[in-house]
Amino acid sequence: MATGELNPNHYQAQRAAKVVQHYLNTRYGSPYRLLGLHRVYSGNAEDVEDSGRKYQLEISVQEIISNMTEKCSAEVLFPRGGQQRSPQVQASCEELLKINTTAQEEALYQQYKMKPSLFSAQNVPDSYGHIDPDTKPFWHLCIVASSFIMLNESSENTLFNVAQVANITQLATENDQLKFDCHVLLHEMVSQEIIHWKLLFIWSPPEGVKVQQMEQLPHCHHCEKPPNTN
Amino acid sequence: MYLDIVSTILHQNDMEHEVLIEDLQSAIEGQIDNRPSPRTHSYTKYNSFDKVQSWIHSMASSNADLISKQTIGNSYEGRPMTLLKLGKKSSSVKPAIFMDCGIHAREWISPAFCQWFVKEALSTYGSDSQMTSLLNEMDVYVLPVLNVDGYDYTHKSNRMWRKTRSRKSGTSCIGADPNRNFDAGWCTVGASNNPCSDTYCGSRAESEIEAKNVADFIRRNKSVIKAYITVHSYSQLLLFPYAYTFELAATHSELMKVAEGASAALRSLYGTRYTSGPAAATIYPAAGGSDDWAYDLGVKYSYTFELRDTGRYGFLLPESQIKPTCEETMLAVKYIAAYVQKNLY
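Residue numbers (my numbering), protein chains in the order written: chain A, 1 to 230; chain B, 1001 to 1345.
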């Protein structure tokens, strides 16, 4: 592993920067605000004794719905040691927070709090990349919730993206939060594996996304099912 | 901003108005992405294996002077691997470029690009001077789907399948990664010897019949093939040897210069950013890649494209993005082809 100034186009800096994306989504993500890594301008790696490897990065991040981009500085510490501890990230991209999504979030929240029926969708996007417009905010919610997993599971040897939401189902609650069960397929680029996770999470506009339970599902090599076709 | 100006002017002039469609572009894209599946081939849809096969046959008989087909062997499950040869028919042997798509089953935008390339070649021959010159002076071999069994499997059973569908005794796990199966530093790095892994290198180099068929063809036509292009997704990268080692290729500077030119050409259309570089450092070290193998065989210009996007949709790139992706990628491929044409060896 290189130390010192990194080539921003090469995988070391890119993987660390992707971790920042996951972190930002856990902090700021919502049905109407989703962040994507845009560019890496510079990166620096150093060994921190007894702690691990620390990356300092200059990146830009894009809010996917509004297309707004913002430059941010970030620090990622990948811990060393036997226990698999998740990376520690420090980053702030406050400009992106100023994108006002309150009205839309409130509207979505009220709509689904009032509805007698519970939302459910499978294969988002479908095999052809299609997503029903009404389903999109829930796709975003599941991606935000998955970001907690992707953040936890990340190391210098991984790069995670959400490949597909197999199933997102709204569950009934007694309290103010909307609650969801999401079965998500994560794509890990280095191993090229598709990893299945099941998540239970709650959301409300003031509280954001909070994951209550997460569980990795075993990879079943024979469990193929016909895809959902249009 | 312009909406604000218009709105202000209308208000100032007491003209009642109402916005009926907030964003026409997204509405159109939404319609494209939600149209039901047609029963015929389309260049802006993801076509099933059967549709691609019939398309190959109809293309091959559409213009005997410019296009022909040949089968380079069958897949593990017995599907034909059909290669299209594009180029003005000539009595003498012409230098050639070989391009394959669909090495990895789930990377659907890749075969879509090969189909688009063939359409563009045939329809712009005679009107586009670069394409005309290219097809006059060179041949382009296009293999629209290399991993035919895997591709069919992604349509019928598991959209996220990557490997071939070969069976191996001693394991219930199926398939090997064709792009870890070529004889280039085979299975030394970035590949797994676990048959259940998505980067399983196979039982030996070229154990996968699909890889062997392509390798045999390229070996047979070694003296004629001057460039090799292999198309994948996703990540928006333009890679060149080596992936099996961090050592730079002997012609690294030239490979880089051409890649950067091609990326710039690609970006000129819609601003899509690609990163160019040697595969090992840019994406990850991985042995057994077809591009490394072709390069070490003597094919001087050997490139791997990783098409759109960078992870938002990943393998499930919406059909509304097929056209722009293919249009921009054409510019990059034509750039490389033009360079090769001017630098024949």
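Check the hints yourself; a few may be wrong.
To be verified - Not the full set, but computed from the structure, chain A residues with beta-carbon under 8 Å of chain B:
#, residue
1, GLY36
2, ASN67
3, GLU70
4, TYR109
5, TYR112
6, SER127
7, HIS130
8, ASN161
9, ALA163
10, ASN167
11, HIS187
12, GLN192
13, ILE195
If you are wondering where the hints come from, they were derived from the structure by calculation, not from laboratory data. All figures in this text were calculated on a predicted structure; none of them were measured in a lab. Even glycine gets a Cβ: it sits at the ideal position worked out from N, Cα and C.
Hint check against the structure, violated hint numbers in rising order:
2, 3, 4, 5, 10 and 13
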